[in-house]
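Can you make the complete structure from the sequences, with help from the hints?
Residues in the sequence shown are numbered from 1 upward in steps of one, following the working numbering.
Derived from the structure by calculation, the hints contain no laboratory data.
The calculated lysine-lysine pairs, modelled on DSSO-like cross-linking and capped at a C-alpha distance of 27 Å, are:
1. 115 to 135
2. 127 to 25
3. 77 to 22
4. 77 to 115
5. 135 to 25
6. 77 to 127
7. 22 to 48
8. 135 to 27
9. 25 to 115
10. 115 to 48
11. 27 to 115
12. 115 to 22
13. 27 to 48
14. 115 to 127
15. 48 to 25
16. 135 to 48
17. 77 to 25
18. 48 to 77
19. 27 to 127
DEER-style ranges, computed between Cβ atoms:
20. 59 to 101: 20 to 28 Å
21. 137 to 103: 29 to 37 Å
22. 113 to 54: 32 to 40 Å
23. 131 to 22: 28 to 36 Å
24. 31 to 77: 31 to 39 Å
25. 65 to 31: 14 to 22 Å
Values in this document were obtained by computation on a predicted structure and should not be read as measured data.
Quick reminder that beta carbons are idealized off the backbone N, C-alpha and C, glycines included.
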Amino acid sequence: MKKLIKESTLRREIRDALVDHKLHKIKVRFPSADIVVEVADTDFSRAKGLMFREALGEDEGMLFIFPDMSARGFWMKNTLIPLSIAYANEMCEIVNIENMIPHDHRNTMSRGPAKYAIEANSGWFDKNGIRVGDKFEIA
Numbered sequence: 001m002k003k004l005i006k007e008s009t010l011r012r013e014i015r016d017a018l019v020d021h022k023l024h025k026i027k028v029r030f031p032s033a034d035i036v037v038e039v040a041d042t043d044f045s046r047a048k049g050l051m052f053r054e055a056l057g058e059d060e061g062m063l064f065i066f067p068d069m070s071a072r073g074f075w076m077k078n079t080l081i082p083l084s085i086a087y088a089n090e091m092c093e094i095v096n097i098e099n100m101i102p103h104d105h106r107n108t109m110s111r112g113p114a115k116y117a118i119e120a121n122s123g124w125f126d127k128n129g130i131r132v133g134d135k136f137e138i139a
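Here it is as structure tokens:
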């Protein structure tokens, strides 16, 4: 007789596999602050994002890199920590910054076409004086 895997066990194994997937880190430099980010540049890593994370370092985040410029929307499904997101165009110029709450299934949209999105702890951009129109460099 075959042993069946309970659905909850399967979900836990999938969640653990997602959490354990390591991404490379780089530094993003704004005029007023630097942030160390994990790079999400594949469909899988962009879809996973910061789901299931229980904490994020003070000056850490995630940089999402998309292959094209387009309107973007992020939600907080399975995301446990409050985040702020900055959308940026192909010139690395911030087009909008929004705050997002854990487990929110509504899309938080870019206010224009974006090639990049940076997620950080809630309030990080405001705390560091980063505003719409600011530019960043990828170090």
